[in-house]
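S.K.: Now for the letters of each chain:
Protein chains: 2
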Amino acid sequence: MSLTELLPITDLNDCCAPITREPMKADGAEKLARSLKALADPARLRLLSIVASHEDAEACVCDLTEPLGLSQPTVSHHLKVLVSAGYLNREKRGTWAYYSLAPHALETVSGLLGDL
Amino acid sequence: MSLTELLPITDLNDCCAPITREPMKADGAEKLARSLKALADPARLRLLSIVASHEDAEACVCDLTEPLGLSQPTVSHHLKVLVSAGYLNREKRGTWAYYSLAPHALETVSGLLGDL
Chain F
1 MSLTELLPIT DLNDCCAPIT REPMKADGAE KLARSLKALA DPARLRLLSI VASHEDAEAC
61 VCDLTEPLGL SQPTVSHHLK VLVSAGYLNR EKRGTWAYYS LAPHALETVS GLLGDL
Chain V
1 MSLTELLPIT DLNDCCAPIT REPMKADGAE KLARSLKALA DPARLRLLSI VASHEDAEAC
61 VCDLTEPLGL SQPTVSHHLK VLVSAGYLNR EKRGTWAYYS LAPHALETVS GLLGDL
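Residue numbers (the UniProt record's numbering), protein chains in the order written: chain F, 1 to 116; chain V, 1 to 116.
Among these hints, one or two may not hold up.
Where chains are identical, the list cannot tell them apart; a pair therefore holds if satisfied intra-copy or between any two copies.
[Said to hold, decoys possible] Cross-link-like lysine-lysine pairs, in silico, DSS-like; alpha carbons within 25 Å at most:
| no. | residue 1 | residue 2 |
| --- | --- | --- |
| 1 | Lys25 | Lys80 |
| 2 | Lys80 | Lys92 |
| 3 | Lys37 | Lys25 |
Worth flagging that the hints you see were computed from the coordinates, not collected in a lab.
Since we're looking at a predicted model, the values are computed, not measured.
Only chain F is shown next, with the shape it has when bound in the complex:
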């Protein structure tokens, strides 16, 4: 997906109620759909789960290319989508970039779907 379509997940915090609670308005549905599109890709789901499973939920980009069997530019693109959508944070330290799970991002989406 194009990076210009993305919006940070923090925009979801006040967008809408859980989808089963009341009919969604157009604006809230648009925002939630964008956040879901950023997640709805097998490579991005795997990257998120690899980062989350690492110690301290943080992984070096050098650990993220090999497990997926994808080229480094492809992995970089998916990581950019996840950062732009607010699921991952990125920090450059020395030679490498490190990616960590953004606190509450997945829980926000999950809560809007599930109202658990």
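Chain F is already provided as a structure; the job is to place chain V on it using the hints.
M.R.: Chain V alone, transformed into the frame defined by chain F:
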């Protein structure tokens, strides 16, 4: 999205652990991504929320066209996607088709994302 890409959400039940618990395997990530794609559309999110908000979480197709301001064939397409993906059940009674929320479908996806 094409209906041939869809798989019923019941296929997710044994596919995988919550994505933050362990690195996802390719097969599970592919299945979860397909289910998320079926959700990642503003019109489909609104249709789901309208059905869920109706009494008994069931709505006549005759109640679903007008609120979205979309043509009847477009709404029908989105409803087909939601039924094929397992989020809605469809029952024909007399003249009209009735759509109801499939039990546990949204909770399954929500649980895989959020591990709440």
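S.K.: Each hint needs a verdict: does it hold in this structure or not?
M.R.: Hints versus structure:
When the C-alpha separation of Lys25 and Lys80 is checked against a cutoff of 25 Å, the pair qualifies only between copies, where the shortest distance is 21 Å, while the shortest distance within a copy is 29 Å. For the homomeric pair Lys80 and Lys92, the shortest alpha-carbon distance inside one copy (14 Å) is at most 25 Å, but the shortest distance between copies (45 Å) is not. Taking CA atoms no more than 25 Å apart as the test, Lys37 paired with Lys25 passes in both settings, with 18 Å inside one copy and 20 Å between copies.
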